[in-house]
Amino acid sequence: MEVEQEPVVAPRPARRRELWLSVAAAAVVLTVGGFVTFGLARSVPAPQLVQTVPQTYAIPGAAPVLPWPKAGQAAVEIDGLGRVGAFGGSRPVPIASVAKVMTAYVILRDHPLRLDEDGPTLTVSAEEAAAYPSQLASGESLVRVVAGEALTERQALVALLLPSANNIAHILARWDAGDDAAFVTKMNQAAAQLGMANTHYTDPSGLDAATVSTAADQVLLGRLALQMPVFAQIVAMPQAALPVVGQVSNVNTQLYQDGIIGIKTGSTDEAGGCLLFAAEISAEGHRFKVIGAVLAPGPNMTDAFEASRRLIQASSGLLHQYRVVGAGDVVATVRGPMGRSTTLVPGGDVNVFGWPGLTYRVETSGDVRGRIAAGAGVGTLKLTASGTAVTAALHATHTLKPPSRWERITHP
0 MEVEQEPVVA PRPARRRELW LSVAAAAVVL TVGGFVTFGL ARSVPAPQLV QTVPQTYAIP
60 GAAPVLPWPK AGQAAVEIDG LGRVGAFGGS RPVPIASVAK VMTAYVILRD HPLRLDEDGP
120 TLTVSAEEAA AYPSQLASGE SLVRVVAGEA LTERQALVAL LLPSANNIAH ILARWDAGDD
180 AAFVTKMNQA AAQLGMANTH YTDPSGLDAA TVSTAADQVL LGRLALQMPV FAQIVAMPQA
240 ALPVVGQVSN VNTQLYQDGI IGIKTGSTDE AGGCLLFAAE ISAEGHRFKV IGAVLAPGPN
300 MTDAFEASRR LIQASSGLLH QYRVVGAGDV VATVRGPMGR STTLVPGGDV NVFGWPGLTY
360 RVETSGDVRG RIAAGAGVGT LKLTASGTAV TAALHATHTL KPPSRWERIT HP
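All residue numbers for the sequence shown refer to numbering that gives the first Met the number 0, where the first residue is 0 and numbers rise by one.
Some clues are possibly wrong.
[Stated by the list, open to error] Mimicking EDC-like on lysine to aspartate or glutamate, the simulated pairs with C-alpha atoms at most 16 Å apart in a straight line are: (1) K381 x D348; (2) K400 x D366; (3) K288 x D257; (4) K288 x D109; (5) K185 x D109.
[Stated by the list, open to error] Label-pair restraints from in silico Cβ distances: (6) P44 x S281: 46 to 54 Å; (7) K381 x A125: 54 to 62 Å; (8) L135 x R82: 37 to 45 Å.
None of these hints come from the bench; they were simulated from the model. Here the structure is a predicted model, which means the values were calculated and not measured. Every residue gets a Cβ at the ideal spot worked out from N, C-alpha and C, and that includes glycine.
Build out the structure end to end from the sequences listed, making use of the hints.
Here it is, written out as structure tokens:
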């Protein structure tokens, strides 16, 4: 018996096409949606500030030659700008009473004073007073003291630095550290910490010829000591009054000549004449400080004074202003995403003080995130030499916009 089967009906072509079109449309929607989502979600590279001027600027011209003494050692620097030059090598030599600068430095470091403060009291011992006659007979630089005499810290520093009293150097050493040996250890530790590699102290007064240093090391110390207001105040005093001895005068007889404002003389047969000096000079309406040292340019202080005077006068004519970049000169570029960029320029000329051969470090910095409008101040140009920094604001020459939503989608 035959069973009759129903015929198989094939899908119509139109319905099949509709199905595939629906699937394709969904795929396109998902793909485009994913692409848009990815484009908007992905991070945009931050703009980059790129310096377009050299990282250093050397003032053009031949380096200056100062009138150095014919003998001994010498070094000169302009405070904040750096060393102008040096003469005579770096062999350590006796420095006589210039050593008292370190004595004062250690005392003020350990026992700081305000400008209006006298500080604690030191009492002269019977042994220290009894030593005075023999010290005087040996020709030392001293101030008269008596047993039980009370000196404030400030008065002791005045006696140390103005009449250059050797006995006060030892009294201060005993007061600070217990005895000379312990204090001298502190002096040498301080020298090492300050980078005075060619300096060695054997006594707090400098009378011992084994206390040696170099002109360059003493200039370094002089600059740091002058940063102590009380030290700078005392070494600039022509005279002062002390309890027992009365009026004392500064042995730096050149004070206030050629702008000299201190700081310490020294003279022995072994050391010759020595002078660590500071002077204020003027250049194109600005004030600067010259710090220098001359060690043994001759056998006495007259030679040291004359050598320092020539160096100060030469330094006074040394400083001039130099233009590093002009107003509108491009010093940096800000590179944004998608090939966009703008440049940064100063609003005016940028000048520095110095002398031929002096080198400044050149740096640019700024906040270049987000939208930068044309003319907006977004950066800084900084030029640095030693302790001096010259800065100038930098402005954008063109607008720099972050990419739009459409650009983020269409520019993967």
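Status of the hints after comparison with the structure:
1. Restraint check for K381 and D348: the C-alpha separation of about 13 Å stays at or below 16 Å, so the hint holds.
2. The suggested pairing of K400 with D366 holds, with an alpha-carbon distance near 14 Å, which does not exceed 16 Å.
3. Taken as a hint, the K288 and D257 pair is honoured in the structure, with Cα atoms around 12 Å apart against an allowance of 16 Å.
4. Distance check on the hinted pair: K288 and D109 sit about 26 Å apart at the alpha-carbon level, beyond 16 Å; violated.
5. Between K185 and D109, the direct Cα distance comes to roughly 10 Å. Compliance with the 16 Å bound is thereby established for this hinted pair.
6. With their beta carbons about 51 Å apart, P44 and S281 fall inside the hinted range of 46 to 54 Å.
7. Taken as a hint, the range 54 to 62 Å holds for the pair K381 and A125, whose Cβ atoms sit roughly 60 Å apart.
8. Distance hint check for L135 and R82: the Cβ-Cβ separation is about 40 Å, which falls inside the suggested range of 37 to 45 Å.
Checked against the numbered hints given earlier, the structure breaks only hint 4 and satisfies all the rest.
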